[in-house]
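Sequences listed follow chains A and B, in order.
Residue numbers for the first sequence follow this note's numbering, so the first one is 207 and each next one is one higher.
Residue numbers for the second sequence follow this note's numbering, so the first one is 12 and each next one is one higher.
These aren't lab readings, by the way, just hints derived from the structure by calculation.
Yeah, the Cβ is synthetic: ideal placement off N, Cα and C, and Gly gets one too.
Check the hints yourself; a few may be wrong.
[Claimed, not checked] Taking lysine-lysine and the DSS-like style, the derived pairs with C-alpha atoms no more than 30 Å apart in a straight line are:
| no. | chain 1 | residue 1 | chain 2 | residue 2 |
| --- | --- | --- | --- | --- |
| 1 | B | Lys-54 | A | Lys-293 |
| 2 | B | Lys-94 | B | Lys-185 |
| 3 | A | Lys-293 | A | Lys-331 |
| 4 | B | Lys-54 | A | Lys-301 |
| 5 | B | Lys-170 | B | Lys-154 |
| 6 | B | Lys-49 | B | Lys-94 |
| 7 | B | Lys-49 | B | Lys-170 |
| 8 | B | Lys-49 | B | Lys-185 |
| 9 | B | Lys-154 | B | Lys-94 |
| 10 | B | Lys-154 | B | Lys-54 |
| 11 | A | Lys-301 | A | Lys-331 |
| 12 | A | Lys-301 | B | Lys-49 |
| 13 | A | Lys-331 | B | Lys-49 |
| 14 | A | Lys-331 | B | Lys-170 |
| 15 | B | Lys-154 | B | Lys-49 |
| 16 | B | Lys-54 | B | Lys-170 |
| 17 | B | Lys-94 | A | Lys-293 |
| 18 | B | Lys-54 | B | Lys-94 |
[Claimed, not checked] Listing some non-contacts, in silico: residues in chain A with all C-beta distances to chain B over 10 Å:
| no. | residue |
| --- | --- |
| 19 | His-240 |
| 20 | Trp-241 |
| 21 | Leu-242 |
| 22 | Leu-244 |
| 23 | Leu-247 |
| 24 | Leu-249 |
| 25 | Cys-251 |
| 26 | Leu-254 |
| 27 | Leu-257 |
| 28 | Pro-277 |
| 29 | Leu-304 |
| 30 | Leu-311 |
| 31 | His-319 |
| 32 | Gln-326 |
| 33 | Gly-341 |
[Stated by the list, open to error] Pulled from the structure, derived: some chain A residues nowhere near chain B, Cβ distances all over 10 Å:
| no. | residue |
| --- | --- |
| 34 | Ile-246 |
| 35 | Val-253 |
| 36 | Phe-255 |
| 37 | Leu-278 |
| 38 | Val-315 |
| 39 | Ile-335 |
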Amino acid sequence: MNNEFPHSPSIEDIRLIGMPILNPIQPEKKFAIHWLNLSILTLLCMVLFLLFPGCQRAPSEVASTHPPFNPLMAGVVQTPIIEPEVKRTGELNEKDFLADEDLVLGVEVNGEHRAYPINQLTGPKRELINDYLGGEPILVTW
Amino acid sequence: MQDQATGSLWSQLLGRAMEGELDGQTLQARPSVLTQWKSWKEKHPLTTVMVLPPLSRFYESGCYKGRLGQYLVGVCQPGYPPKAWRFDQLTLEPIVNDSYADEPIVIAFQENTGTATIFHRRLNDQTLEFSSHSAGFTDAQTKSVWDALTGIALSGPLKGQQLTQETSIPSLSKSWDLFHNDSEYWGVSLPLFFSNQTVENVSSKCEEVSKEYLIDLYRLNIRKQKKSADPLKLERKSKEFIGSER
Chain A
207 MNNEFPHSPS IEDIRLIGMP ILNPIQPEKK FAIHWLNLSI LTLLCMVLFL LFPGCQRAPS
267 EVASTHPPFN PLMAGVVQTP IIEPEVKRTG ELNEKDFLAD EDLVLGVEVN GEHRAYPINQ
327 LTGPKRELIN DYLGGEPILV TW
Chain B
12 MQDQATGSLW SQLLGRAMEG ELDGQTLQAR PSVLTQWKSW KEKHPLTTVM VLPPLSRFYE
72 SGCYKGRLGQ YLVGVCQPGY PPKAWRFDQL TLEPIVNDSY ADEPIVIAFQ ENTGTATIFH
132 RRLNDQTLEF SSHSAGFTDA QTKSVWDALT GIALSGPLKG QQLTQETSIP SLSKSWDLFH
192 NDSEYWGVSL PLFFSNQTVE NVSSKCEEVS KEYLIDLYRL NIRKQKKSAD PLKLERKSKE
252 FIGSER
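Work the whole structure out from these sequences, hints included.
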């Protein structure tokens, strides 16, 4: 008569086996976990500190004109783009990703013309192009 | 941006050093034009083009095209407040006879390529007045026809002469607003307007983006007109609006 729900434990079953009780974490254990996390973090910091020598510069070396000291960006060296590769209209191929409808920034200096595709001038690493056109140094930015 | 010689920090849009040794100094801007590659190489067949290797496999070309309505062309000279002409306003009036820094100028806008060029109207001690023409623009004084991209007279009495290009900065309206608080704007500021051709220009890649943008714009306009509007009705109306635009 009690076989309607054979899989569900009855009160008697619970009495026999006992209720599963989750033991609360002891205060000593809590502290132990905290210290482990901290030690892992400090180790990571030390590794990062050694990896990026930029972090090791003394504050006096960093010029006052620089942006606020950011340890994440200190090791990153932004290489300027100087005189990038240029092609004539006939030399372009499919790998250059330049469609007819693409927007370009066109410049004319002393009779020389050059186009800078806007698609390629985006992103923090490619916003600034140092170039020479018509014998004059120019900076192209978008 | 930052220069390697002094480490000064520069603003890209203003071209002015904001911090450091060269603080307050300004780089001289050069006349440039933002146009489609097709029309640029057509006018200047001997042009060179910068080629950088693609950054990632997700690289796509032509993703800026759908945002034509967000662009503007501005001029900024020291001693004068900056002035800007929005593209969505220029679609209504492609040739604008205006003046800036006590100098008469003309703004020529080509909607099919999304190109806005600014030229000086004064040529050989004569101030010309321009109006729209199928090949570019024409002046009322000599009836010469001028090319809108280069400013060279294609035909008429002044054939072969070239108008001086004003140093203009094509920009997105958002960033222009941010850097030039005191900027003047030509034309009516609101409501925003999109003509049929601008919408047709939108490439398939950016179609979805621009559609959402249109819906947002429409919602914005409606919200300004009537604050207590039914959102469901708005949704339907914005869809109808897009349907009629196509």
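Here's how the hints hold up against the structure:
1. B:Lys-54 / A:Lys-293: 17 Å, holds
2. B:Lys-94 / B:Lys-185: Roughly 14 Å separates the two Cα atoms, so the pair holds.
3. A:Lys-293 / A:Lys-331: This hinted pair holds, its Cα atoms lying about 21 Å apart.
4. B:Lys-54 / A:Lys-301: 24 Å, holds
5. B:Lys-170 / B:Lys-154: This hinted pair holds, its Cα atoms lying about 10 Å apart.
6. B:Lys-49 / B:Lys-94: Holds: Lys-49 of chain B and Lys-94 of chain B sit about 29 Å apart, inside 30 Å.
7. B:Lys-49 / B:Lys-170: 24 Å, holds
8. B:Lys-49 / B:Lys-185: Between Lys-49 of chain B and Lys-185 of chain B the Cα gap is close to 27 Å, so the pair holds against 30 Å.
9. B:Lys-154 / B:Lys-94: The given pair, whose Cα atoms are some 29 Å apart, holds under the 30 Å limit.
10. B:Lys-154 / B:Lys-54: With a Cα-Cα distance of about 22 Å, the restraint between Lys-154 of chain B and Lys-54 of chain B holds, given a limit of 30 Å.
11. A:Lys-301 / A:Lys-331: OK: Lys-301 of chain A and Lys-331 of chain A at ~20 Å, within 30 Å.
12. A:Lys-301 / B:Lys-49: 17 Å, holds
13. A:Lys-331 / B:Lys-49: 27 Å, holds
14. A:Lys-331 / B:Lys-170: Distance of about 44 Å is beyond 30 Å: violated.
15. B:Lys-154 / B:Lys-49: Cα-Cα ~28 Å, so holds.
16. B:Lys-54 / B:Lys-170: Holds: Lys-54 of chain B and Lys-170 of chain B sit about 16 Å apart, inside 30 Å.
17. B:Lys-94 / A:Lys-293: Answer violated: Lys-94 of chain B to Lys-293 of chain A is near 35 Å, above 30 Å.
18. B:Lys-54 / B:Lys-94: 28 Å, holds
19. His-240: 40 Å, holds
20. Trp-241: 42 Å, holds
21. Leu-242: 38 Å, holds
22. Leu-244: 37 Å, holds
23. Leu-247: At about 32 Å from chain B, Leu-247 of chain A clears the 10 Å cut-off, so the statement holds.
24. Leu-249: The claim holds: Leu-249 of chain A sits with its nearest Cβ about 32 Å from chain B, beyond 10 Å.
25. Cys-251: Cys-251 of chain A is indeed farther than 10 Å from all Cβ atoms of chain B, at 27 Å.
26. Leu-254: Leu-254 of chain A clear of chain B: closest Cβ-Cβ about 24 Å, beyond 10 Å.
27. Leu-257: 23 Å, holds
28. Pro-277: 18 Å, holds
29. Leu-304: 6 Å, violated
30. Leu-311: The claim is violated: Leu-311 of chain A sits with its nearest Cβ about 6 Å from chain B, within 10 Å.
31. His-319: 4 Å, violated
32. Gln-326: 5 Å, violated
33. Gly-341: Per Cβ check, Gly-341 of chain A is outside 10 Å of chain B; nearest 13 Å; holds.
34. Ile-246: 32 Å, holds
35. Val-253: 28 Å, holds
36. Phe-255: Check passes; 24 Å lies beyond 10 Å.
37. Leu-278: 17 Å, holds
38. Val-315: Answer for Val-315 of chain A: violated, closest chain B Cβ roughly 7 Å.
39. Ile-335: Check fails; 7 Å does not lie beyond 10 Å.
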